[in-house]
Amino acid sequence: GAGVSQSPSNKVTEKGKDVELRCDPISGHTALYWYRQRLGQGLEFLIYFQGNSAPDKSGLPSDRFSAERTGESVSTLTIQRTQQEDSAVYLCASSAGQGRVGSTEAFFGQGTRLTVV
Amino acid sequence: AQSVSQHNHHVILSEAASLELGCNYSYGGTVNLFWYVQYPGQHLQLLLKYFSGDPLVKGIKGFEAEFIKSKFSFNLRKPSVQWSDTAEYFCAVNADNQGGKLIFGQGTELSVKP
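Line by line, the protein sequences are chains L and U. Take the first sequence: its letter number 91 is residue 91 in my numbering, and every next letter is one higher. Take the second sequence: its letter number 35 is residue 35 in my numbering, and every next letter is one higher.
Be a bit skeptical, because a hint or two may be false.
[Said to hold, decoys possible] Label-pair restraints from in silico Cβ distances: (1) L/Ser58 with U/Gly28: 16 to 22 Å; (2) L/Gln84 with U/Ser80: 23 to 29 Å; (3) L/Ser73 with U/Gly53: 43 to 49 Å; (4) L/Glu20 with U/Gln45: 44 to 50 Å; (5) L/Glu85 with U/Ser18: 37 to 43 Å; (6) U/Leu56 with L/Lys57: 44 to 50 Å; (7) L/Thr13 with U/His10: 30 to 36 Å; (8) L/Glu85 with U/Ser3: 18 to 24 Å; (9) U/Pro40 with L/Glu105: 20 to 26 Å; (10) L/Glu68 with U/Leu56: 30 to 36 Å; (11) U/Ser18 with L/Gly40: 33 to 39 Å.
Since the hints were derived computationally from the structure, they do not count as laboratory data. For glycine and all other residues, C-beta sits at the position ideal for the given N, C-alpha and C.
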């Protein structure tokens, strides 16, 4: 596609429910990132996928959070047993990742606004 | 751990004023540096980037940034801001020992008064 696509754009869920957020990166991009942006705060790194390498999960805040990526395409971020503090905008980005790793521009989606009530 | 600090949380300027937003990072090795901008209601987009070479880089819309390795800084500047520059600005760093991991600062909200 033309850009990074995320769905849903908005999600309201009850505390304790599981949610799944989807990201479709730009075709051909080998690198994919998930970030969390809480209201009035910066971007918090969650997880990074690069090609077939093991993902960097160092930013996942708890074992309730997990993410998968199918090859070099779609990624899903799953939050189990959601809590109110999980309310945030979840951003996905992808980059070509060619040549020097990390040296290319990351393109962001519009994000999924998650509200846990 | 690698970190990125943006000194100003909220900056308010009048049109035509000069802008400088600070960004410092903690990693001492080779880095790639970025500034992203998020206009109201829009997604993050790249403003400019530094990989190597001339430490003064120019981006879109008249923005520029200077990489000062000795100060671990990558400050964003614009000589004369416009109302349309009202946005949130994020500095980001990728270090050579972090693979492709991109770490962001906490962001600076810029409000330009017409």
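Hint by hint, here is what the structure shows:
1. L/Ser58 with U/Gly28: 16 to 22 Å: Once the Cβ atoms are compared, 20 Å apart, the range 16 to 22 Å for U/Gly28 and L/Ser58 holds.
2. L/Gln84 with U/Ser80: 23 to 29 Å: 43 Å, violated
3. L/Ser73 with U/Gly53: 43 to 49 Å: 34 Å, violated
4. L/Glu20 with U/Gln45: 44 to 50 Å: Roughly 27 Å apart at Cβ, these two residues miss the hinted range, so it is violated.
5. L/Glu85 with U/Ser18: 37 to 43 Å: Once the Cβ atoms are compared, 39 Å apart, the range 37 to 43 Å for U/Ser18 and L/Glu85 holds.
6. U/Leu56 with L/Lys57: 44 to 50 Å: Check failed, 37 Å falls outside 44 to 50 Å.
7. L/Thr13 with U/His10: 30 to 36 Å: 31 Å, holds
8. L/Glu85 with U/Ser3: 18 to 24 Å: 22 Å, holds
9. U/Pro40 with L/Glu105: 20 to 26 Å: Since U/Pro40 and L/Glu105 have Cβ atoms about 22 Å apart, the given range 20 to 26 Å holds.
10. L/Glu68 with U/Leu56: 30 to 36 Å: Violated, since L/Glu68 and U/Leu56 (Cβ atoms, about 42 Å apart) do not stay within the stated range.
11. U/Ser18 with L/Gly40: 33 to 39 Å: Because 26 Å falls outside the window, the suggested range is violated.
Taken one by one, the earlier hints fail for this structure at numbers 2, 3, 4, 6, 10 and 11, listed in ascending order.
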